[in-house]
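**Q** Take the sequences, apply the hints, and build the full model.
Protein chains in written order, with our numbering: chain A, 48 to 288; chain B, 48 to 288.
Since the hints were made in silico from the structure, they are not lab data. Fair warning: there could be bad hints in the mix.
Any copy, or any two copies together, can satisfy a pair, since identical chains are not distinguished.
Unchecked claim - Lysine-lysine pairs mimicking DSS-like chemistry, simulated, CA-CA at most 30 Å apart: (1) LYS248 <-> LYS131; (2) LYS189 <-> LYS241; (3) LYS193 <-> LYS237; (4) LYS244 <-> LYS193; (5) LYS244 <-> LYS176; (6) LYS189 <-> LYS176; (7) LYS189 <-> LYS173; (8) LYS173 <-> LYS193; (9) LYS248 <-> LYS97; (10) LYS97 <-> LYS244; (11) LYS97 <-> LYS193; (12) LYS176 <-> LYS193; (13) LYS241 <-> LYS193; (14) LYS237 <-> LYS97; (15) LYS97 <-> LYS189; (16) LYS97 <-> LYS241; (17) LYS193 <-> LYS248; (18) LYS237 <-> LYS248; (19) LYS131 <-> LYS173; (20) LYS248 <-> LYS83.
Number of protein chains: 2
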Amino acid sequence: MACELYYWPTIQGRGEFVRLALEQAGADYLDMARLKGPGQGVEAMMRLMKDQAVTRPSFAPPFLRDGEVMVGQTAAILAYLGPKLGLAPQAAADRAWLDQIQLTIADLVAEAHDTHHPVDLEAYYKDQKPEAARRAEGFRGKRIAKFLGWLETVLARNPAGPEWLVGARLTYADLSAFQVTEGLRYAFPKAAAKTLKATPKLVDLADRVRALPNIAAYLASERRIAFNEDGIFRHYPELDP
Amino acid sequence: MACELYYWPTIQGRGEFVRLALEQAGADYLDMARLKGPGQGVEAMMRLMKDQAVTRPSFAPPFLRDGEVMVGQTAAILAYLGPKLGLAPQAAADRAWLDQIQLTIADLVAEAHDTHHPVDLEAYYKDQKPEAARRAEGFRGKRIAKFLGWLETVLARNPAGPEWLVGARLTYADLSAFQVTEGLRYAFPKAAAKTLKATPKLVDLADRVRALPNIAAYLASERRIAFNEDGIFRHYPELDP
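**A** Structure below.
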C-alpha cells in the first residue's frame, strides 16, 4: 500500500525533506493534499487533523500515514522512514548521529523561517518588516556561516571521507543538506554565495545529490514545487542587501 | 563507566530534559561542566567542542558522551538514551510517536526562548524589549494554549489511558512535559495558570512526575538548578502582564 504524506500543497516547506527521501528511494507514496480524489486535497488533510478518532494526532503538517502508523514532525518522520527506505545506517550510534545532523538542519530551517516571521507567527511578513530586517541581519552575518560551517566540518571529519555526511553511504541527511543549500541560495542569494565559498565540500555534496538520477528526475518533474514566498525559504531582496 | 553530559552549568536550559531522564533512571552520569576536576568544567567543554579529533562534533550543547559514542541535540540524545534507561517503548511505531511528542515539546521550548530573543539571538533581552513584548503577546495569547492543548489531547486519546503520554508506561516525554509545564509556570505565571485550567490531564501528569521518588529527590537536591534569567524560561513580569 502506498504511504500517504500530508503537507501543504503549494510549498516545499518542511514537507520537502520527506518528499526528497521518498523520491530518492523510489517509494510508492501519495502527496495527499495535492491530489483531488476522494479523501484527498487540503480539506481532507484538515479533516484528518481534527478527527477525534486519530489517537496520535500531529501538532502540524507534515505527517505521514504508513498503514496503521501515523507519524508527524519532519525529523521523526525521517527517523521512522530512513531504515525502511535504505536511507539510514543500522547501528544505534550511527542512527543517533544521523538524527543529530537532521535536527541541526531543522534548527537552521527554523531560523530561516524566523527571518520573515520574527515577532508574530500568525501575522504577515509585511506587518513585521523592520523586525525581519534586524533578524535577517544576524542570520546572514553569523548564523548561516555557523550552520554551513558545521556541516562542512562534519563532512571534513567523516572517517569514511567527505562524500556523504554519515559514513560511506547516502542518508536522508544528505538530501536535507542539499535542500537547505538550495533554499538559502534562493532566499539569500548574496549571503549564500559568499558563505558557500568557504564550504566547498558542502557545495560538492549538494551537487552530488542534485545529480542522483531519482532526485534529478524529481527536480525536473511537476512534483517539485518551485520555491515561493509562502514557503520557509522566501526571497525578499531587502533581507539580502 | 559513567556517561558524561555536557551542558552550560548555570541554567536548566535544554540540558534539563536530559538531566531529568538520567535522574529518573538513576543513571550513573557526570554533569561535566558543573564539576571541577581535571577534564571537567566549562573550559573543558569548550575545548571538547573545538577538538578537531572529535569526528562527530555537536553544533551546540547539550551533548552526551557514552563511552565511544557522542551525541548532541536534546531529542536525539533522548532517542538514544531512552531505550537504555527504560524510558522508551520497544516498537518502532511507538518510538516514532515518542520522538514526535518530544520534538513538538522542543518546538514549544524554542518558541519560549524566542519570546525574549525574537530579533537578535546574540544580543541581550534588554536590547530587544519592544520586539519581545510583541512576540510574547502571541505566545501567551495563542501558542501556549495550542501546545498545551495538544498535549492534553494526546493524553485524552491515549488508548492506554491518560496517565502517561505514550502507552501505559512512563517515558522521557512525560518528564519533558513536566519540565515545560514548570518552565511556563515560572516564566509566564499568569498566562500559564489560565491556560492550565483547560488542561487538567496535563496538570495531573506534571504532578505525577513531580512525585516520582527519583524526580522528587532530584528536585530537592542541589543538582537541580533554579530557573533564572539566563535560561530558556525567563520570568520578565512585563512579558506576562
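**Q** State for each hint whether it applies.
**A** Hints and how they fare:
1. Taking identical chains as interchangeable, the C-alpha atoms of LYS248 and LYS131 lie at most 30 Å apart only when both belong to the same chain, with a minimum of 28 Å there against 35 Å between chains.
2. With identical chains, the CA atoms of LYS189 and LYS241 are at most 30 Å apart within one copy only, with a shortest distance of 12 Å there and 38 Å across copies.
3. Taking identical chains as interchangeable, the C-alpha atoms of LYS193 and LYS237 lie at most 30 Å apart only when both belong to the same chain, with a minimum of 16 Å there against 37 Å between chains.
4. For the homomeric pair LYS244 and LYS193, the shortest alpha-carbon distance inside one copy (13 Å) is at most 30 Å, but the shortest distance between copies (42 Å) is not.
5. With identical chains, the CA atoms of LYS244 and LYS176 are at most 30 Å apart within one copy only, with a shortest distance of 29 Å there and 36 Å across copies.
6. Taking the shortest Cα distances, LYS189 and LYS176 sit within 30 Å of each other both inside one copy (20 Å) and across copies (22 Å).
7. For a Cα distance limit of 30 Å, the shortest separation of LYS189 from LYS173 qualifies both inside one copy, at 24 Å, and across copies, at 21 Å.
8. For a Cα distance limit of 30 Å, the shortest separation of LYS173 from LYS193 qualifies both inside one copy, at 28 Å, and across copies, at 24 Å.
9. With identical chains, the CA atoms of LYS248 and LYS97 are at most 30 Å apart between copies only, with a shortest distance of 20 Å across copies and 44 Å within one.
10. With identical chains, the CA atoms of LYS97 and LYS244 are at most 30 Å apart between copies only, with a shortest distance of 22 Å across copies and 46 Å within one.
11. Taking the shortest alpha-carbon separations for LYS97 and LYS193, only the inter-copy value of 13 Å comes in at or below 30 Å, while the best intra-copy value is 39 Å.
12. Taking identical chains as interchangeable, the C-alpha atoms of LYS176 and LYS193 lie at most 30 Å apart whether they share a chain (24 Å) or sit on different chains (26 Å).
13. Proximity of LYS241 and LYS193 under a CA criterion of 30 Å is satisfied intra-copy only: 13 Å inside one chain copy versus 39 Å between copies.
14. Only between protomers do LYS237 and LYS97 lie at most 30 Å apart by alpha-carbon distance; the minimum there is 29 Å, versus 42 Å within a single protomer.
15. Taking the closest pair of Cα atoms, LYS97 and LYS189 come within 30 Å of each other only across two copies (18 Å); inside a single copy the shortest separation is 40 Å, beyond that limit.
16. Taking CA atoms no more than 30 Å apart as the test, LYS97 paired with LYS241 passes between copies only; the shortest distance there is 24 Å, against 44 Å inside one copy.
17. Within a single copy, LYS193 and LYS248 get their C-alpha atoms as close as 15 Å, which meets the 30 Å cut-off; across copies the closest is 41 Å, which misses it.
18. Taking identical chains as interchangeable, the C-alpha atoms of LYS237 and LYS248 lie at most 30 Å apart only when both belong to the same chain, with a minimum of 19 Å there against 50 Å between chains.
19. Taking CA atoms no more than 30 Å apart as the test, LYS131 paired with LYS173 passes in neither setting, with 42 Å inside one copy and 48 Å between copies.
20. In this homomeric assembly, LYS248 and LYS83 never come within 30 Å of each other (Cα to Cα): the closest approach is 41 Å inside a single copy and 39 Å across copies.
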